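Student: Here are the chains, one letter per residue:
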Amino acid sequence: MQSIVKMIATRLALGVLVLLAVSVIIFASVEALPGDIAVEILGQNATPEAVAAIRRDLGLDIPAIPRYLAWISGVVQGDFGNSLANQRPISELMGTRLSNTAFLAAFTAAISVPLALTLGILLALFRDTTGDRVTNASGLAAVSVPEFFLAYVLVYLFSSKLGWLPAISNINPDMTLLERMERTLLPAITLTLVVSAHMMRMTRTAIIDLLEAMYVEQAYLKGLSRRRVILVHALPNALTPIINVVMLNLAYLVVGVVVVEVVFVYPGLGQLMVDSVAARDVPVVQTCCLVFSATFVLLNLLADVLAQLTNPRLLHPR
Amino acid sequence: MPLLTLACVIIIVTYVCVALLAPVLAPFGQFDVSAGAYQPWDKTHKLGTDNLGRDILSRLMYGLRNSLGIALVTAIIAFLVGVGLGVMSAVGGGWLDQVLSRLVDVLMAIPGLIFALLLLSITGPSIWAMITIIALVEATRIYRLARGVSLNIATADFVEAARIRGEGLPWIIAREIVPNATAPLLAEFGLRFSYVFLFVSALSFLGLGIQPPFAELGSMVRDNAVLITYGEITPLLPAATIAGLTVSVNILVDWYLKEFG
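The listed protein sequences derive, respectively, from chains V and R. Each residue of the first sequence is one higher than the last, beginning at 1 in this note's numbering. Each residue of the second sequence is one higher than the last, beginning at 319 in this note's numbering.
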């Protein structure tokens, strides 16, 4: 038991270290790259006095290291600074958008994880049949097409032709859960298509590898039913790779949401980030980047810890 | 070669030919406003016109030419940087390896598209900014693979023999490591190229990549997306063009790895 706590603590510490390094990179890239934010805001014809004034307002006249320390200590306390475009606090801008994106991601996970795992197991059982080959090939195709292609094909089918679902996911906090889910269904299906293929293929491979193991053969020879062999003997041992791939794909959602939110005009963090990049609102972009990276790092960390916890050999070292 | 793979090769060759011959094949120039906006498909404009009245078929050909050219240049830069540094780290070892590997670890903790968006917000959208940024992001992924592959080769006896013989680092890299890593590196180049192609079109789709009036497949989808809600499939064509190429490259790489991997 003690070793588990120690393992989790080490991983967490490493995760925090990585996040700190990420924050340094995010901060430093603004410093290192050409382009003066003050000139960007005011335009090329600004007077030197006006540029100096805005630099002072933004704190750009302070040396980089104290400015980084001030920024990061603010971030830790939930103060991300103000937007350049409209002077509002960034935490206020992000508020509902963060929870909207989390809602979309959770909704996608709720559809895609059970779907991909069930299909993966079925494909492993009926491998080398036509169904297996077709699903496998379409899985390869689904990961290699652009997200906006999948999204617009779904809009074309379900919104323009059939009229079942709205093409634009304009949700707001006053909606009931059911209304929200209806509006979010198309973006969620798009993301499901993107992430399920990989999860399904990996589950299939993990199960197939196990089915060739000695103890599975032994279980069959003992006269156990196929169903029992798969669910009780093979599946628990396949958990480690499966959990890993599920977590990695959930982490991939972080990137996937950006394009999909733009297609469906979904009021999430991805949309905010893209709008802010177009407006050159660097502080907002930095914050979004930090939030996305933190989610990405945490999910990878969780994958690592869960993989260890589901592996008895690592849990009870001799 | 299976029939599916052969079909993919034919598709890829066709794409390359169309991209090279776009100025000859296209009935109109990429900037020519030749009719009213959103014309339906007819004899002169085989696939209709876009939001500004430009011929969609011509822009598809030029878009393919521009996107493919930029993706190829970016992928080559990323590959040279990634493989060069990766092999050097693996063979050279020492502090260079430590510094580069830790830096890549941290850069890879930031999702690629997100990091590209951050850098683009600082540099502003331009073709060269996009090429450099995507090349940097992809080079970190290539570095990982190239380092791993060459680390395996670097421990082989023939490399040890070359070292003892007194060969220098450049000779070992060029004559011992790279020739033995060709198969995985070639497969990686194929996959990376299709990622870069998707990356370029995703950024252009978001309005942050290749800027108008240049034709680009991703931005063509964005410009005409409104037609989809009216039940038109025209805006799906550039997206399908992208998908056709990336799927073909992936299937080809899959086959290549099974055959030579």
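No wet-lab data here; the hints were simulated from the structure. It is possible that some hints are incorrect.
[To be verified] The following label-pair restraints were derived from C-beta to C-beta distances:
hint : chain 1 : residue 1 : chain 2 : residue 2 : range
1    : R       : P497      : V       : R226      : 23 to 29 Å
2    : V       : Q218      : R       : S419      : 41 to 47 Å
3    : V       : S3        : R       : S419      : 41 to 47 Å
[Claimed, not checked] Some chain V residues close to chain R (C-beta under 10 Å, calculated; not the full set):
hint : residue
4    : A21
5    : R55
6    : F107
7    : L239
8    : V263
For clarity, every value in this text was computed on a predicted model and none was experimentally measured. Beta carbons are placed, not taken as given, at the ideal position from N, Cα and C, and that holds for glycine.
Student: State for each hint whether it applies.
Tutor: Status of the hints after comparison with the structure:
1. R:P497 / V:R226: 23 to 29 Å: 48 Å, violated
2. V:Q218 / R:S419: 41 to 47 Å: Check passed, 43 Å falls within 41 to 47 Å.
3. V:S3 / R:S419: 41 to 47 Å: Violated, at about 28 Å.
4. A21: 4 Å, holds
5. R55: Interface hint status for R55 (chain V): violated (16 Å vs cutoff 10 Å).
6. F107: Status violated, d = 20 Å.
7. L239: Violated. Min distance 25 Å.
8. V263: 8 Å, holds
Comparing the model with each numbered hint stated earlier shows that hints 1, 3, 5, 6 and 7 do not hold.
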